[in-house]
Amino acid sequence: MSKEKAVVGVFSYLDDLISAVRATQKAEREYRVYSPVRNHELEDLTSPGKSPVRFVTMTGALLGITGGFSLAILCSLDWPMRVSAKDVVSIPGFVVIGYECTILFGAIFTLLALFHFCRLPDVLRKVGYDPRFSDDKFGLVVACGSPEVEGVASMMRGAGAEEVEVRDAL
Amino acid sequence: MSHAASESTAEPVTYKTVNDAVLRMLEPPKFGWYLMLATCLLCVAIGAVCWTRQILLGIGLAGKNNPFGWAVYITNFVFWVGIAHSGTLISAVLYLFRANFRQPIYRLAEAMTVFAVLTAGLFPIIHLGRPWFFYFLMPYPNQRALWPNFRSPLLWDVFAVSTYLTVSAVFFFVGLIPDIAAARDRAKTWFRKLLYSMASLGWSGNHSQWKHYGAAYLLFAAFATPLVVSVHSVVSWDFAVSIVPGWHSTIFPPYFVAGAIFSGVAMVITLIIPLRAAFKLHPLITPVHFDAMSKLILVTSGVVTYAYVTEFYIAWFSNNPFERYQFWFRPFGEMKVAFWVMFTCNCIFPLTLWIKKLRTNIVWLFILSIIINIGMWFERFNIIVQSLGRDYLPSAWANYSITMHELGITLGAFGWFGMWMTLFIKFFPAVAIAEIKEVIPPPTRHHHSGH
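These protein sequence lines map, in sequence, to chains A and B. Going by the working numbering, the first sequence opens with residue 1, and the numbers climb by one from there. Going by the working numbering, the second sequence opens with residue 1, and the numbers climb by one from there.
Mixed in with the good hints, there may be bad ones.
Said to hold, decoys possible - In silico DSBU-like pairs for lysine-lysine, Cα to Cα no more than 35 Å straight-line:
| id | chain 1 | residue 1 | chain 2 | residue 2 |
| --- | --- | --- | --- | --- |
| 1 | B | LYS356 | B | LYS336 |
| 2 | B | LYS280 | A | LYS3 |
| 3 | A | LYS26 | B | LYS356 |
| 4 | B | LYS16 | B | LYS356 |
| 5 | A | LYS5 | B | LYS188 |
| 6 | B | LYS295 | A | LYS5 |
| 7 | A | LYS50 | B | LYS16 |
| 8 | A | LYS3 | B | LYS295 |
| 9 | B | LYS280 | B | LYS336 |
| 10 | B | LYS336 | B | LYS30 |
| 11 | B | LYS336 | B | LYS357 |
| 12 | A | LYS3 | B | LYS357 |
| 13 | A | LYS5 | B | LYS30 |
| 14 | B | LYS193 | B | LYS295 |
| 15 | A | LYS50 | A | LYS86 |
FYI, nobody ran anything at the bench for these hints, they're computed from the structure.
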C-alpha cells in the first residue's frame, strides 16, 4: 500500500463488507479484503477476470509431455536394444511415461504459479491483518493519506464495521 | 454445509463453530492418543526388526521362492496403493462434481492417500533382495551408460506411483494452507506458532490470494482426477501385460480401479468413525455422509463382483486349459480359503447396505469397513499368489505359506500408516475448515439472495 495510513475495518457480515468495498471502489482508493473463506460474490467484486495460473499450468503440462516422451525416446536410442521384436522407439509403451510426466509437471508448475501469484511465502503478513480474519470476521484495509482517515473510517462505520482502527501503512 | 446444518440439533453451524470444532482436535493429546501412537510404534518396531533380519539373513525369510517371485509384499503394495485411491476420488473427483458431502471427510481421505502411498512405496523396496539398489529403477546417468527399459510396466509403475505421491502430497498441502493459517492464529504454544507459521507460508486470505488459490485448486483437482484412473490401471498392467494365467486380462484396469475405490472408501469409514466419536464431530459428519459413502461402497462392490464373475466367464469362454484350470483352482484348490474369504467379504457382506438403516448404522459400518479391507487384501493375494502357484508347468506348481517375517512386516505397515495418521490428526486440521465454510451460507445482516 503506497499511502501513509491504513484504515482497518472488521466486519461480521458479508453484505456490510460488500457495501464498504463498493464505496471504496467508487472513491478509487487502494484496498485489500481479508476473508476466512473463498466467496464468489466477493471475488467477482474485488478481482474480476480469470487467474493467470492456468497459463503456467499449461506450460508445465506441455513441458511434461515433451520431456516424458523425450526421456523415454532418447534413453532408448542411447542404448538401442530390441526386446520381443518391438521397435526401439515404441511409442505406445512410452505413452504412460508421457502421460505421468504431463500430470507431474503440470501440478508442479501450478504450485509454483500459486506461490508466485499469492506472494507466498509471505513472512511479514500485510498491514491490517487480524487473526480473526481466519476465524469468522471479514476485514477491509483501505490505504489513504492522514487527512482522509476520518472520512474512510466513517464510511466503514456507516457500512456496518464492528471495529475501525487506524494503522501506519507499510 | 446444508446437511450438517439441518441435522445438528445443538446449534447452527457457523464459521466460528467450524473453527472451534476442528481446532479443538489440536489441543494437547490425552491418554487415548498416546496409547494409539504407542501401539502404532510397537507395530513399526516389529516390522523394522523383521525387515532388518530379512536384510541380514536374506530374502528367503519371506518365503518367496519359485514359482512365487511375487507374494505378500507385492500383495501389500497393491493393497496400499488401492487404499490411497479413494482419497483422490473423494478430494478431486467429487470436488469437480461439486458433491457437497465430501467436505467434512475429504481432508482425512487425502491424508490417508498420502500416507497409504508412503506405505505402498516401501513394499517394492522391501521386496528386493538387495534393497539398497532400489535406485536402479530411476533413469539416471550412470557410468555403464545403461537406461531402464521404458517398455516395462514395472518402470511405468515407478513413474505412476511417484507422480501419484507427488501430486497427491501437493494437493493435500495446498488444501491445508488456509486451515493451517487458522490454526496459527489460535496457537498458544511457541512450538505450534512456529510450526503453523512456517507451514501456512504466511497465508492471510486476502482477496488476491483466494482468487489464485481457487483457480489453482481447481487445476490440481483436474490433474488429480486422471490419476484416479491411471495409477491403479498402471499397477494392474504389472500383471495384465504378462502372460501368466489369471493375470493376462483386459478387464484388469477397470477391475483394479473399482476395487481400489471400494477398499479406499472402506478405509475412510474405518478411520472416520473413531475420529468422529473421539472429537465429537457429529455436527460436521452426519448420517448423510455415511449414507453417501455406503452407496459408493455398494456400487463399487457391485462392480468388483461383476469383475469376479467376468473373470470366470472369460476363463470358460476362452477354452484355454491353463486359464480354465486357474479359475477352477482358486475356489476349489488348496488355497481356496483365500478365495472364499475374498468373495464373502467383498460380494456378500456389502449387500447389507441395500438396507437404509444399516447404511447409517455406525457400528455396522465400522465392522463392515474392516471386513471389506480384509476381503480386498485377500483379493490381491489371490490374484498374485494363486496365479503364480498354478502356472503353465505342473512341475513348477506349489502352494504358498506366509512366514512370520512377512506377517511382521505387514503388521509394521499398518503401524507405519497408523503412526502418520495419529500424528497428523493431532498436529494439523483433520477436517477442512475453509471448505466447510464455503458451503455454509455466509453471515449476512440482511437476507442473502445468493449468487
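Worksheet entry | Agreement of B:LYS16 and B:LYS356 with the hint, judged by alpha carbon distance not exceeding 35 Å | holds (33 Å)
Fill in: A:LYS5 paired with B:LYS30 [C-alpha distance capped at 35 Å]
violated (47 Å)
Discussion item. Can you confirm whether the C-alpha distance between B:LYS336 and B:LYS357 stays at or below 35 Å?
Written reply: holds (33 Å)
Item to complete: Take a quick look at whether B:LYS280 and A:LYS3 sit within 35 Å of each other, Cα to Cα.
Response: violated (48 Å)
Discussion item. B:LYS295 and A:LYS5 were given as a pair; does the straight-line alpha-carbon distance stay at or below 35 Å?
Written reply: At roughly 56 Å apart (the allowed maximum being 35 Å), A:LYS5 and B:LYS295 break the hint.
Worksheet item: Between A:LYS5 and B:LYS188, does the CA-CA distance stay at or below 35 Å?
Response: Status holds; Cα separation ~30 Å.
Worksheet item: Going straight from one Cα to the other, do B:LYS193 and B:LYS295 come out at no more than 35 Å?
Response: violated (41 Å)
Discussion item. Check the hint pairing A:LYS3 with B:LYS357 against an upper bound of 35 Å on the C-alpha distance.
Written reply: violated (63 Å)
Fill in: Given hint B:LYS16 paired with A:LYS50 - CA-CA distance at most 35 Å
Answer holds: A:LYS50 to B:LYS16 is near 30 Å, not above 35 Å.
Discussion item. Against the 35 Å threshold, does the CA-CA distance of B:LYS356 and B:LYS336 hold or violate the hint?
Written reply: holds (33 Å)
Worksheet item: A:LYS26 and B:LYS356: Cα distance at most 35 Å?
Response: violated (55 Å)
Worksheet entry | Pairwise hint evaluation, B:LYS295 against A:LYS3, where the allowed Cα distance is 35 Å at most | This hinted pair is violated, its Cα atoms lying about 57 Å apart.
Comparing the model with each numbered hint stated earlier shows that hints 2, 3, 6, 8, 9, 10, 12, 13, 14 and 15 do not hold.
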